[in-house]
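Trainee: Here are the chains, one letter per residue:
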Amino acid sequence: MAIRISEPFTKDKFADLKAGDSVLITGTVYTARDAAHKRITEAIARGEEPPFPIQDSIIYYVGPTPPKPGRPIGSAGPTTSYRMDAYAPTLLDLGEVAMIGKGQRSEEVMQAVTRNGAVYLAAIGGAAALMARCVKSAEVIAYDDLGAEAVRKLYVEDLPVVVVLDPVGGNLYVEGREEYLNSIK
Amino acid sequence: MREISVKAIEDSIAKMCIDANHYLDEDLKNCMAQHLAEEPSLVGRQMLESIQENIAIAEEGIFPLCQDTGMACVFLEIGQDVHLIDGNLEDAINEGVRRGYGDGYLRKSIVRDPLDRVNTGDNTPAYIHYEIVPGDKVTITVAPKGFGSENMSKIKMLPPAAGENGVKDFVVEVAEMAGANPCPPIVVGVGIGGTFDKAALMAKKALLKPLDKPNESPYYDAMEKELLDRINALGIGPQGFGGKTTALAVNIITAPTHIAGLPVAVNVNCHVSRHKTVVL
Ligand code: SF4
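Sequence lines, in order, name chains A and B.
The numbers in the numbering used here rise by one with no breaks, and the one at position 59 of the first sequence is 59.
The numbers in the numbering used here rise by one with no breaks, and the one at position 37 of the second sequence is 37.
Hints may be right or wrong, so weigh each one.
If you only want the chain A side, here are some residues facing chain B, beta carbon under 8 Å, derived [stated by the list, open to error]: (1) 64; (2) 66; (3) 72; (4) 95; (5) 171; (6) 173; (7) 180.
No more than 35 Å apart at the CA atoms, straight line, and that leaves these computed lysine-lysine pairs for DSBU-like [as the list claims (entries may be wrong)]: (8) B:213 with B:137; (9) B:15 with A:185; (10) A:68 with B:15.
Rough simulated footprint, nothing fancy, chain A against chain B, three-plus residues with beta-carbon under 8 Å [what the hints assert, rightly or not]: (11) 49–56; (12) 60–71; (13) 239–245; (14) 269–275.
Just so you know, these hints were derived from the structure itself, not from any lab.
Ideal Cβ placement from N, Cα and C applies to all residues, glycine included.
The following block holds chain A by itself, in its conformation from the complex (with noise of 0.2 Å):
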């Protein structure tokens, strides 16, 4: 059974999270892949305004495919998370409570999620038509040059993802894994 977890995130909501646990999130989160992270993180080492409130904050790692008319969103799944790993750490440290994306992360950023009791969850890497569907509303809010790499505020209603790294250590890729291969035995 899937957890449902609505808007504001605040980070008592996702503190009982289990890597493994399915979870469909309602409510806004902000895209952003490497370029965007890049341009926000800049900005808040030279002490300038984020384009979002990074407190409480859920990061979609995604570059949607452009709309069709009358369509607020394109294709729109996971990129490959490492390469936030070096931006990462410091969102975290501010208070964002929720990256979305998929693939293994650095050892900083384990720690990083561990120090902030924040989660990294996976959406469904290449099911990016499926996960259209759940995206009500798409604004570019930041970056606009970037194309599909601007950092977008979208309106999800029940996005499908799964915990990868829990509050507390835990991380889907690896005891998954072994779960998997002892099953097998």
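Knowing the structure of chain A, use the given hints to seat chain B with the ligand on it.
Mentor: Structure of chain B with the ligand alone, referenced to chain A:
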């Protein structure tokens, strides 16, 4: 001499860019269904079912299969008795890609320089590979390639003494290192022999081979099966959440090589293994 207009090539490429990004071939869908039936892991089955649902949604023609609609890899086999008319072939190929990615609302993912990284805005230039073949036809394949999986690809110049086992261990190692990054289940293209660049090209072309046909060589067919079994014993599973189906298929292409070398290239593709072909 048969005349073929480059405009016809342009039109087919534009259409194939859109089709490849919405409709997967039957061999891949059948392969997926077969692995789903044999997947012991519950979460693994759930992921494969979601991927099947995604394929069905994309077939409605509104949303592409993946948001990474890829770098347009275009392969042309040009019959030596063909005379191409009505303009420059390379321009026509790029115009086809430009139109396909524009009209199809596909993502523009190409930067003009690897270091200054300014997006070209129309997904050109395409990656183009030409081959001259006998006959008076032009065969065009468009294979949009996502980079989540491309980035997990590797090449190694093994010493000949590494032999069969060295080749096999390297292929399995690449799949294991890739882990959850290339959106498993993956399709694995392997090029063995040739030169440094030839091995990589063969690995990419191996991704275009049908998944339901045995390798022409019984020896390499057995190797493909063994490699698939070994990769699917790693436990990575669909999306890396644990399970059997880490790979859907392994395809191998080989070529003669030098007495001093044993190049091996592994091109990783995701389950969104896209390619369309037409013959003009
Ligand atoms: S690796 Fe394939 S399925 Fe995954 S995001 Fe890239 S193109 Fe899509």
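Trainee: Could you run down the list of hints and mark each one as holding or not?
Mentor: Outcome of the hint check:
no.: 1; hint: 64; result: holds, 5 Å
no.: 2; hint: 66; result: holds, 5 Å
no.: 3; hint: 72; result: violated, 12 Å
no.: 4; hint: 95; result: violated, 26 Å
no.: 5; hint: 171; result: violated, 11 Å
no.: 6; hint: 173; result: holds, 5 Å
no.: 7; hint: 180; result: holds, 4 Å
no.: 8; hint: B:213 with B:137; result: holds, 24 Å
no.: 9; hint: B:15 with A:185; result: violated, 48 Å
no.: 10; hint: A:68 with B:15; result: holds, 17 Å
no.: 11; hint: 49–56; result: holds (count 4)
no.: 12; hint: 60–71; result: holds (count 8)
no.: 13; hint: 239–245; result: holds (count 6)
no.: 14; hint: 269–275; result: holds (count 3)
Hint check: violations occur at hints 3, 4, 5, 9; the rest are consistent with the structure.
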